[in-house]
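Colleague: Chains as they are written, first to last, in the working numbering: chain Y, 2 to 402; chain U, 27 to 290.
Keep in mind the hints are simulated off the structure, nothing from the lab. Check each hint, because a few of them may be wrong.
Far from chain U, by Cβ distances over 12 Å, these chain Y residues were calculated [to be verified]:
(1) 4
(2) 9
(3) 44
(4) 60
(5) 107
(6) 178
(7) 181
(8) 182
(9) 228
(10) 266
(11) 280
(12) 297
(13) 348
Quick partial rundown of chain U residues pointing at chain Y, CB under 10 Å, derived from the structure [to be verified]:
(14) 81
(15) 98
(16) 126
(17) 155
(18) 158
(19) 164
(20) 179
(21) 180
(22) 264
(23) 266
Covered stretches of chain Y, as calculated for chain U (at least 3 residues, CB under 8 Å) [claimed, not checked]:
(24) 22-29
(25) 281-294
Computed from a predicted structure; not experimentally measured. Each residue gets a CB set at the ideal place from its N, CA and C atoms; glycine is no exception.
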Amino acid sequence: MTESLQAAPGPYFGDFGGTFVPEALMAALDELSDAYDKARIDPEFTRELDRLARDYTGRPSIVTEVPRFAAHAGGARVILKREDLNHTGSHKINNVLGQALLTKRIGKTRVIAETGAGQHGVASATAAALMGLECTVYMGEEDTRRQALNVARMRLLGAEVIPVTTGSRTLKDAINEAYRDWVANVETTNYLFGTAAGPHPFPAMVRDFQRVIGVEARAQLLELGGLPDAVVACVGGGSNAIGVFDAFLDDASVRLIGCEAAGHGVETGEHAATLTAGRPGVLHGSRSYILQDQDGQTIESTSISAGLDYPGVGPEHAFLHSIGRAEYRPITDAQAMDAFRLLCRTEGILPAIESAHALAGALDLGRELGPDATILVNLSGRGDKDVETAARWFDLLEEDA
Amino acid sequence: MSLVTARLDEAAAAGRAALIGYLPVGYPDVETSARAMVAMVEEGCDLIEVGMPYSDPVLDGPTIQQAAEAALRGGVRVSDVFTAVRAVADAGAPAVVMSYYNPMLQYGLERFAADLAAAGGAGVILPDLTPEVAGDWLAAAKAHGLDSIFLTALSSTPERLHITAAASSGFVYAASIMGTTGGTPVSDAAERLVADTRAAGAARVCVGLGITTGEQARKVGAYADGVIVGSAFVRQLLDHEGEAGIEALRAKTRELASGVRSAR
Ligand SMILES: Cc1ncc(COP(=O)(O)O)c(C=O)c1O
Numbered sequence: 002m003t004e005s006l007q008a009a010p011g012p013y014f015g016d017f018g019g020t021f022v023p024e025a026l027m028a029a030l031d032e033l034s035d036a037y038d039k040a041r042i043d044p045e046f047t048r049e050l051d052r053l054a055r056d057y058t059g060r061p062s063i064v065t066e067v068p069r070f071a072a073h074a075g076g077a078r079v080i081l082k083r084e085d086l087n088h089t090g091s092h093k094i095n096n097v098l099g100q101a102l103l104t105k106r107i108g109k110t111r112v113i114a115e116t117g118a119g120q121h122g123v124a125s126a127t128a129a130a131l132m133g134l135e136c137t138v139y140m141g142e143e144d145t146r147r148q149a150l151n152v153a154r155m156r157l158l159g160a161e162v163i164p165v166t167t168g169s170r171t172l173k174d175a176i177n178e179a180y181r182d183w184v185a186n187v188e189t190t191n192y193l194f195g196t197a198a199g200p201h202p203f204p205a206m207v208r209d210f211q212r213v214i215g216v217e218a219r220a221q222l223l224e225l226g227g228l229p230d231a232v233v234a235c236v237g238g239g240s241n242a243i244g245v246f247d248a249f250l251d252d253a254s255v256r257l258i259g260c261e262a263a264g265h266g267v268e269t270g271e272h273a274a275t276l277t278a279g280r281p282g283v284l285h286g287s288r289s290y291i292l293q294d295q296d297g298q299t300i301e302s303t304s305i306s307a308g309l310d311y312p313g314v315g316p317e318h319a320f321l322h323s324i325g326r327a328e329y330r331p332i333t334d335a336q337a338m339d340a341f342r343l344l345c346r347t348e349g350i351l352p353a354i355e356s357a358h359a360l361a362g363a364l365d366l367g368r369e370l371g372p373d374a375t376i377l378v379n380l381s382g383r384g385d386k387d388v389e390t391a392a393r394w395f396d397l398l399e400e401d402a
Numbered sequence: 027m028s029l030v031t032a033r034l035d036e037a038a039a040a041g042r043a044a045l046i047g048y049l050p051v052g053y054p055d056v057e058t059s060a061r062a063m064v065a066m067v068e069e070g071c072d073l074i075e076v077g078m079p080y081s082d083p084v085l086d087g088p089t090i091q092q093a094a095e096a097a098l099r100g101g102v103r104v105s106d107v108f109t110a111v112r113a114v115a116d117a118g119a120p121a122v123v124m125s126y127y128n129p130m131l132q133y134g135l136e137r138f139a140a141d142l143a144a145a146g147g148a149g150v151i152l153p154d155l156t157p158e159v160a161g162d163w164l165a166a167a168k169a170h171g172l173d174s175i176f177l178t179a180l181s182s183t184p185e186r187l188h189i190t191a192a193a194s195s196g197f198v199y200a201a202s203i204m205g206t207t208g209g210t211p212v213s214d215a216a217e218r219l220v221a222d223t224r225a226a227g228a229a230r231v232c233v234g235l236g237i238t239t240g241e242q243a244r245k246v247g248a249y250a251d252g253v254i255v256g257s258a259f260v261r262q263l264l265d266h267e268g269e270a271g272i273e274a275l276r277a278k279t280r281e282l283a284s285g286v287r288s289a290r
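Model the full structure from these sequences, guided by the hints.
Modeller: Structure, rendered in structure tokens:
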């Protein structure tokens, strides 16, 4: 039997991962790593996390078969894992509750977070309110405009939202600003990182907090008749994708497909398809794929979806890509928005634009695999936050409304 | 003995700390930035830190970010670093490059070390790399006789101070505050960090972050082997255009140089 790929501990995933950070953060990362290693196997911690998942998030999330949507996917069977139904509207809450509990364990009183779509920021503000922590969220100025509703939500929840005006004014710059805050306030502050990227222990820890998605879905699909032929998820930093993939990693018959944001098209250079068009390098604390120029300067990414608009990707995805265990495909803005509208109209489900990239991937894959195939799609979030963007895309607003 | 340690020891023999000045290459353009570095040598900087601008500078505050972003918009390349290094070396001061890791990695670590040595450079300061993950760089640096300068922080554990002191050559860079360049003024805790870093085995310890005035340089120069100044110099170039910038830089250098000369 070959070695299991599941729940890999880090810090390295093949050639990828590691801890590439300023010395000032090393003590905090070592502390976090130690605390997590203890918490992970402490029944009190896991019991509390399970309780919150059940009584607060609303887990397990259901699965929904979507036949009217699937009719457009070559007639394949399409089943959605409904992370959109979680409290706060996306998978991000799974990770944040774990990290916030850990913050309490290490005795820190303040949390900071970066956010792109605002979902991780909303989840962080929510967990901070629940657990009595102070919360500051960094968000690129461009994203505060794209996701104004989520900015208001975070403020209602008592968080301070700081628009970031440096660099490209999107997620990567929000991460830089959060790092600067962390260096300056590390004694009181823990960084709730929003995706399965960054320095160790974040990629493995965030994956562990998200792996419940795949564990539940695998059991739910077995009950519905068997393992799927493919599991499809969108990939920004990669947390919802690795969360749904992990439980299937050792099921050789199950194809794992990550959908990256291709923006205006990979060939235009205006995209966020890191594994498709990037090269290995070091950004934000770990070695992975990056969109970068010849000199290693990060290239600004482009996507209609703020949550996928990131020029990096988590190191475990770089590893799964390198060994061919997972495939990564680019999905353009237009493909994602078509799939977005299709799910709304055929099933009455309004997906997040991020998740619509996975839906578009499933439409293509269904046509490739045909009517005998079963495809599991991780519906990572709901689209309430995206109504304005979608209305503009489809020209649904009254002229002077 | 390396160019860096020789120069630090010369300053020590003269009964003072060395003054180490930072500027990013490419602001306002490559040629002017190199000339500005030479002007700093002429006015009393003992060593120059040649900064490579980077798109994601997590340890830099607004002042250096602003100059670096402008340099990147102006099209600065990694190879421009070697132009500035050559100018500084010709002016008679050791030049060390301050670069985030990814630009060096993408240039090729071996090629970077070879080109830096060929330009007369003395070493590299590595703000976002710790010794544990620096193996490939350390091998290349050693092969080309370059110093590798790592940082210690107020948050460093005793064990980490030992690791950092053992891996560093030239000097150890003690970051005086928990924060970014140009941030809050240098703290008193810096003196303890210098003592702890020495106790962990570092022969020479220089202090940087938050030093902007001659008075602060005097205070830090009383206990450190070198005083590192960045944002205060960059500020002069941001606030004054063209030759006026270089003149302002000369005046600021004189202020800091007299600070380290009145320390002990
Ligand atoms: C609904 C939703 N899906 C996906 C993502 C992308 O993140 P990740 O790749 O970490 O799952 C985001 C990020 O904001 C999101 O809000």
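Colleague: Work down the list of hints and note, for each, if the structure agrees.
Modeller: Status of each hint after checking the structure:
| no. | hint | in the structure |
| --- | --- | --- |
| 1 | 4 | holds (25 Å) |
| 2 | 9 | holds (19 Å) |
| 3 | 44 | holds (30 Å) |
| 4 | 60 | holds (35 Å) |
| 5 | 107 | holds (14 Å) |
| 6 | 178 | violated (9 Å) |
| 7 | 181 | violated (5 Å) |
| 8 | 182 | violated (10 Å) |
| 9 | 228 | holds (39 Å) |
| 10 | 266 | holds (23 Å) |
| 11 | 280 | violated (8 Å) |
| 12 | 297 | violated (3 Å) |
| 13 | 348 | holds (40 Å) |
| 14 | 81 | holds (4 Å) |
| 15 | 98 | holds (6 Å) |
| 16 | 126 | holds (8 Å) |
| 17 | 155 | holds (7 Å) |
| 18 | 158 | holds (7 Å) |
| 19 | 164 | violated (15 Å) |
| 20 | 179 | holds (4 Å) |
| 21 | 180 | holds (8 Å) |
| 22 | 264 | violated (15 Å) |
| 23 | 266 | violated (23 Å) |
| 24 | 22-29 | holds (count 8) |
| 25 | 281-294 | holds (count 6) |
Checked against the numbered hints above, the structure breaks hints 6, 7, 8, 11, 12, 19, 22, 23 and satisfies the rest.
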